[in-house]
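Undergrad: One-letter residues, chain by chain:
2 protein chains.
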Amino acid sequence: MAYISTDEAYSLAETILKQHGFSDRQTRALTDTVVAGQRDECHSHGLYRLFNCVSTLNAGKVVADAEPTVHEPSSAIVRVDANGGFSQLAFQAGLPVLNEKAKRHGIAALAINRCVHFSALWVEIEAITELGLVGLACNPSHAWVAPEGGSKPLFGTNPLAFGWPRPNDEFPFIFDFATSAVARGDIELHRREQRAIPEGWGINAEGQPSTDPEAVLNGAMLPFGGHKGSALAAMIELIAGPLINDLTSEESLAYDDGSNASPYHGELIIAMDPKHFMAGNDEACFARAETLFQGMLDQGARLPSQRRYEARERSRNDGIHVPDTLYHDLKQLL
Amino acid sequence: MAYISTDEAYSLAETILKQHGFSDRQTRALTDTVVAGQRDECHSHGLYRLFNCVSTLNAGKVVADAEPTVHEPSSAIVRVDANGGFSQLAFQAGLPVLNEKAKRHGIAALAINRCVHFSALWVEIEAITELGLVGLACNPSHAWVAPEGGSKPLFGTNPLAFGWPRPNDEFPFIFDFATSAVARGDIELHRREQRAIPEGWGINAEGQPSTDPEAVLNGAMLPFGGHKGSALAAMIELIAGPLINDLTSEESLAYDDGSNASPYHGELIIAMDPKHFMAGNDEACFARAETLFQGMLDQGARLPSQRRYEARERSRNDGIHVPDTLYHDLKQLL
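Residue numbers (full-length UniProt numbering), protein chains in the order written: chain A, 1 to 334; chain B, 1 to 334.
In case anyone wonders, no lab produced these hints; they're calculated from the structure. Hints should not be assumed to be uniformly reliable.
Identical copies look the same in the list; a pair holds intra-copy or inter-copy alike.
Straight-line distance between alpha carbons at most 25 Å, and here's what the computed SDA-like set of lysine to any residue pairs gives [what the hints assert, rightly or not]: (1) Lys103 with Ala279; (2) Lys103 with Met278; (3) Lys152 with Arg195; (4) Lys61 with Glu310; (5) Lys152 with Thr291; (6) Lys103 with Cys285; (7) Lys152 with Asp186; (8) Lys18 with Gly319; (9) Lys275 with Asn83; (10) Lys18 with His71; (11) Lys152 with Phe286; (12) Lys152 with Leu303; (13) Lys152 with Cys285; (14) Lys103 with Ala287; (15) Lys152 with Arg166.
Construct the entire structure; sequences and hints are all you get.
TA: So this is what it looks like as structure tokens:
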């Protein structure tokens, strides 16, 4: 098992991305998120994703030197056209404008269009909480999930993320979850290991419940939480798709056309400034949120992201853990 | 079984509320929502709620003639102080300002404070979609639900509602669900009928899974969808509680102090104007949303609220259905 410093992780990622033709600005934005994922032991969004960056580029499905363009369609909306690049740089281009608008008007939205997407949303939500804002983010993906009561893929795994700043704590309250019962990667992992998946994860091509990972990957995944999770997935299709003049998961999958690249679609982020909402009682309001968190911890419930923050502290002390095979394979990209 | 006209339903509700001391304006706003609930055969939020209105008033937990006051803490936020009245009149007072702000800035928020709450959120969301806006609403309730991994009540049943306007369809796309596994009323119904509840609805006072409705009512309900539903419930506590300088579900239950009145707390509503988001492609974007809905229907999935809209058509044709016992009991309130 290799433990590498943050600097080494940055350097490794940057070298790989630049060598394959990504521009300096795209490289830096991508590196920020994959190193953050690796640091937090969120391996599915860590350095491992560099393979996807390269294969998506090789498939001609991402613009390696895209420069996002920033538009302001209204006083409280900022729209960033990623121009076919990965989402990360587009987010970074839009964030200062989102911040300014949220702080001026109390609430604001950032719509990212025409981006290639693989980023975990918590990275972006954390950047929003660092500005003292409450954030909500979501995006479609590829049509892999059947609506509750249906039998065919229609929705994406459609993640939803939320963040609450904690002025007196290093770590914000953040959750980031797929509205599918599990991540698609979990089913792929079971297939590779030839293990049955639990009931409730998916259905086969005939629409019947199945525990065969292969059958579910060729059938449909299921939303979490029955009709409620399904409704949330539909909401995300709408507000991060047609609302912002961008693709649904079905349209994104059609665009992919079998290339198996990272999905291409939009993303919606809403930011709210507590200073405008809390009616001058900021300190008391933030303290009452802490009472809620303590009420969770006192009865043995975890705060979301707690595991990630514990991993971050480990990485800070021991270096960033990179499994040997991953490290070896990454070197092959050089 | 009685079938009464909409006029009769209005007249019955108004007479009861006025006779018990509610002001004309409070009465009209309350009547609108309980008749809408009865009309849509959403019985838990129909005329039946008039008993709660009266008992909450008798318990001294609602101001019968409260006049909401409207504040504008920032350009895109409207805050309505219900001044201890029911939420409905406060919502009606805030809606025109929310509409104007959303249409001017693209996104806006309405925070309702210090309201007594029993309204189904879909009534409000539908009013928002009728203005051509996309809406999202949520509120805490009373601390009845344990967080995932915990064992004690902390969260409310915290409903979340969303609406999408459909320019060429009479009925908008709307969902409105509790973030608890089921409504508290469903467990109370099982208790009355001395039936066991399904696993997953709740735990007893020792934190153990239970199918005994009495034990769960004295223990804790569970969120829907495990840690994801639990995270959503926490988000609603935060954004419709401390964010808007109002009570969490735990604080609301403490305020109730055993009187069993309707909960007293706040509510947050976010409205977005598609015209500002859709980059001039409104028609195509709304059409693509319809493709999504058709994709759901084509595979046998329902649209949320479909059952309610079917009931509404029945009520339009046959009159509003009021079960005999309910009709009889309501007459006793006169």
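Undergrad: Looking at the structure, which of the earlier hints fail to hold?
TA: As far as the earlier hints go, 4, 10 are violated by this structure, in ascending order.
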